[in-house]
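Peer 1: The primary structure of each chain is shown beneath.
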Amino acid sequence: MNRRSFLKAAGASGVAAFVAGCSAEPVDDGADGPTANETGGQNGTEGETGTATGTPSGPETLRVATYSSFVDAPSSSPGQWIKERFESEFDATLEWQIPDNEINYFIERAAQGVDSDADAYVGLDTNMLIRVDENVDGQLFAPVESDAVEGRNAVQSGLEFDPQGRAIPYDTGYISLVYNENDATAPQTFDGLLRPEFEGDLLAQDPQSSATGQAFLLHTIKAKGEDGYLDYWEQLQQNGVRVLGTWEDSYAAYSNGESPMVVSYSTDQVYANEEGEDLSEHQIRFLNGEAYANPEGMARFADSQNTELANRFLSFMLRPKVQAEIAVRNVQFPAIADAPLPEEFAQYAKEPETPVTFTYEELKGNLSEWTDAWARQFASN
Amino acid sequence: MEAGDDGGPRTASGQRRVTVSDWLESRALTLVAVATGVVLVVLFYYPVATVFVEAVVVDGALSFEPLREVLTSRFYLVEIIGFTAYQAALSTVASVALGLPGAWVLSRFEFRGRKTLRSLTILPFVLPSIMVAIGFVATFGANGTLNRLLSTVGLGQVSLLYTLPAIIVAHAFYNAPLVTRMTTAAWESIDARTVETARSLGASPTRAFLDVVVPQLLPAILVSATLTFVFTFASFPIVLALGGLQYATIEVFVYYRVQQLAYADAAALAVVETAVSLGLTYAYLRYEARQQTAAFAAGARPAPRKRLIPRSFRRLSAKDALSRVAAFGYGVVVLLVFVAPVASMLLSSVTAPDGSLTARYYEFLLQRQATATEFQVSPLPAVLNSLLFGVGTLLLALPMGVVMAVLTTRRYRGRKLVDALSMAPLAVSGIVVGLGLLRGLVFGVEAFGYRFTVAGAVAIVAAHSVSAYPFVTRNVAPLLGNLDPRLVESARSLGASRTRALWDVELPLVAAGVVAGAAFAFAISVGEFDATVILATGSNSYTMPVAVERYLGRRLGPATAMGCILLFVTSLSFVVIERFGGRSRGV
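Line order of the protein sequences matches chains A and B.
Per the working numbering, the first sequence starts with residue 1, numbered consecutively.
Per the working numbering, the second sequence starts with residue 1, numbered consecutively.
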């Protein structure tokens, strides 16, 4: 290659890199009109900066943000099914958005004074909602009147977690122990976990970065009280509990036979059965007969211009058939009582006798302090 | 090859006509330097500043409260910062101890596949940490390869996982190859005549080695040790995956505070982290400046390599035999620390839950390729994007890094400070950079009634180049600094522009460093995750590591299969880069 032309090309690409990645748009002065959309591919159209303005004619577009495994898990995920069903029934395009920072992405946008650019969010839990309320001035999500969303009243009341009626539960999971009965029989109680025979047997996750880890920490606070959980964890730590960063890290270690118990979901056997695995390696234990319930909710962004279509989407998500499909594909329990679940699901998805959970009010103002105190203690030992 | 005066066309009178290309050539260094500055400001300094400002500004007023809080907290100082430095120091020692013999074997012995092996030393650098964690659990875990080996020879179990040694071995896995690589390059450019001279003056082989070879290797060893310390000081996923939270580092807490949107704490911690890393880099650079000599220049003739497997074992002296035994002993360590985890990962991509062989995880990739929707990640685009961004980064980071190397080898006051600052992209927490990019560029900056946003494929390449160019600089600058300045002076006095002198005289002499830098640039781009996921707008710009992460689930298979594709594609790329680069060395 001619060295001189190479140098020129290399230099030019540096300049081009700076120019081509930029875009400038007039700042929205708050007047009505189409909002710019930067994230998410436009329904198959390419576009590096992805700026396109919605046009009033043609099918409407509904932009729904969610976490990645809801639409793109290696096994099964409900995203594609929901999109196809929704689009075939309503004259609309459903566009999934999966920002890597999940809800923090939208909190950040709000803090920077930028529009949400999405109509609805799927995958909120109590902890996220508290983070939203503590960090966003004004409303990120709009309260939904129950008559605006069909089926709203069918949601089991025990799953409701938003006192302001913004988040509508669409499914719930129970965080419990999964154990390999060939190696150990899990204890029945939290105290049992402290016995010497279980030394070094439990893998948990960091409550600071993992939903399962957070749920397990909260469950210990439920069981041992606000004044007792730190002592309990001190003893757990002395008995060799391992707290890893993510559920993936710990489940990978569990699958490799590193330890006989892991904090996971009570629906573990659904997958194991589908994969034809030995169910003895996927036993579920509800400590103290309980499991921590973590309902997942959906909500409409307050600055969405698409109120009506968004409400139709929320109603759609609560239909019994859709509820059953979400439950099976997301491997969680439905939020309504009469979803027509397949028999296999009912057989392998275990429900605790007593689901426990903290309410929004109980967590608000406490959650970060509890977690901080725990993290400092755990990292100090 | 080309004559020195091959420049622009001449007029009839023989006067040189100044053309646009001449102008560009004479200003090329300046232009690239300015472009580098602009890219750095837009994709690094500005975004990072938006986060760091939180450490010193509270409610709009200047206050050092967050920083003061971190620096007066026993917990942060002792448990977190102290521990972080401690494990980084141990990791650095382990990486150097594991990496140096590798440099010795690669530079002193000849054997089949040596060049390929040398190319592949950079491979661990690009492996996603989750894959390494999986490989390490399978190798060093309770039921792992090591324990099975030990039990077959009748030894007891060792439990290495979730301990400090596990973290340190994993850090060595990532960083020893760095030490090997940089030291091998230095070793290969040592002129055999310098050793011969020392020997002829009566020095024993050991004395000659200590007095002649070691001083020339030391800068490379210290660069790699400094980099290792900086990297392991900011280590995060490996610490959590193989050690657990009881071994939390600063970066773990930065991440946690960012997750909680407690930016003041996060920024304060990140400022401390950056100060330590940059301080160390600065200290190293001052050392490097003292070491610089104009001793060795063009035409270094390295000593010939010995055959690792000698033709005849009879005539082998005791010392030579011992050195072979040592080399093979080192090979066993390499097998355990590097090959076993990677092999375990490969194996888990073809093993079904019941332990039988299966191709279904690769079938999953094929199926995903065929049926994925636009919001799902499919394998082929991930491979192509990674390669595209990698090549783009190579093209952008090489000129950036070389020009920075030229600038930092000139003599002026405060040069070491500029040099250290140019290394900042290595020293700043990836989480902080990611957050800064999100706030500063993806959401955009308002000015003059417009909102300016920077995102998409081009921004990803630029961001990758920002993290990659310091490697090019660090690989090239020491070699450039060692060149005889008279070479450039003669070229300049014969009428060559500064750019042409660099291009025709200096670069060919430091080609080894440029090629090494190129491999690093490519590797950084392939392995980068934080900026990629943040700047990848839409679903068209995801890379192989993103795909690996996306394919993680209850079964490891799909992710490990994708990880093996990553391994294969990048291995091939490194071999190509170094073979291609190696061939053009004589330019």
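Among these hints, one or two may not hold up.
Restraint-style ranges between C-beta atoms, simulated for each label pair [unchecked claim]:
id, chain 1, residue 1, chain 2, residue 2, range
1, A, PRO163, B, TYR450, 39 to 47 Å
2, B, VAL41, A, GLY165, 41 to 49 Å
3, A, ASP231, B, VAL41, 27 to 35 Å
4, A, GLY165, B, VAL58, 28 to 36 Å
5, B, LEU347, A, GLY192, 34 to 42 Å
6, A, ASP137, B, VAL38, 31 to 39 Å
7, A, GLN188, B, LEU77, 26 to 34 Å
8, B, TYR450, A, ALA373, 40 to 48 Å
9, B, ALA370, A, ASP231, 50 to 58 Å
10, B, VAL41, A, GLN139, 45 to 53 Å
11, B, LEU77, A, GLU84, 33 to 41 Å
12, A, GLU234, B, LEU71, 41 to 49 Å
13, A, GLN139, B, LEU77, 37 to 45 Å
14, A, GLY138, B, ARG415, 27 to 35 Å
Since the hints were made in silico from the structure, they are not lab data.
Cβ atoms here follow ideal geometry from the backbone N, Cα and C, with glycine treated the same way.
Peer 1: Give a verdict on every hint.
Peer 2: Evaluation of the provided hints:
no., hint, verdict
1, A/PRO163 x B/TYR450: 39 to 47 Å, "holds (40 Å)"
2, B/VAL41 x A/GLY165: 41 to 49 Å, "holds (46 Å)"
3, A/ASP231 x B/VAL41: 27 to 35 Å, "violated (51 Å)"
4, A/GLY165 x B/VAL58: 28 to 36 Å, "holds (35 Å)"
5, B/LEU347 x A/GLY192: 34 to 42 Å, "holds (36 Å)"
6, A/ASP137 x B/VAL38: 31 to 39 Å, "holds (35 Å)"
7, A/GLN188 x B/LEU77: 26 to 34 Å, "violated (42 Å)"
8, B/TYR450 x A/ALA373: 40 to 48 Å, "holds (46 Å)"
9, B/ALA370 x A/ASP231: 50 to 58 Å, "holds (55 Å)"
10, B/VAL41 x A/GLN139: 45 to 53 Å, "violated (36 Å)"
11, B/LEU77 x A/GLU84: 33 to 41 Å, "violated (55 Å)"
12, A/GLU234 x B/LEU71: 41 to 49 Å, "violated (27 Å)"
13, A/GLN139 x B/LEU77: 37 to 45 Å, "holds (40 Å)"
14, A/GLY138 x B/ARG415: 27 to 35 Å, "violated (50 Å)"
Violated hints, listed in ascending order, are 3, 7, 10, 11, 12, 14; each of the other numbered hints is respected by the structure.
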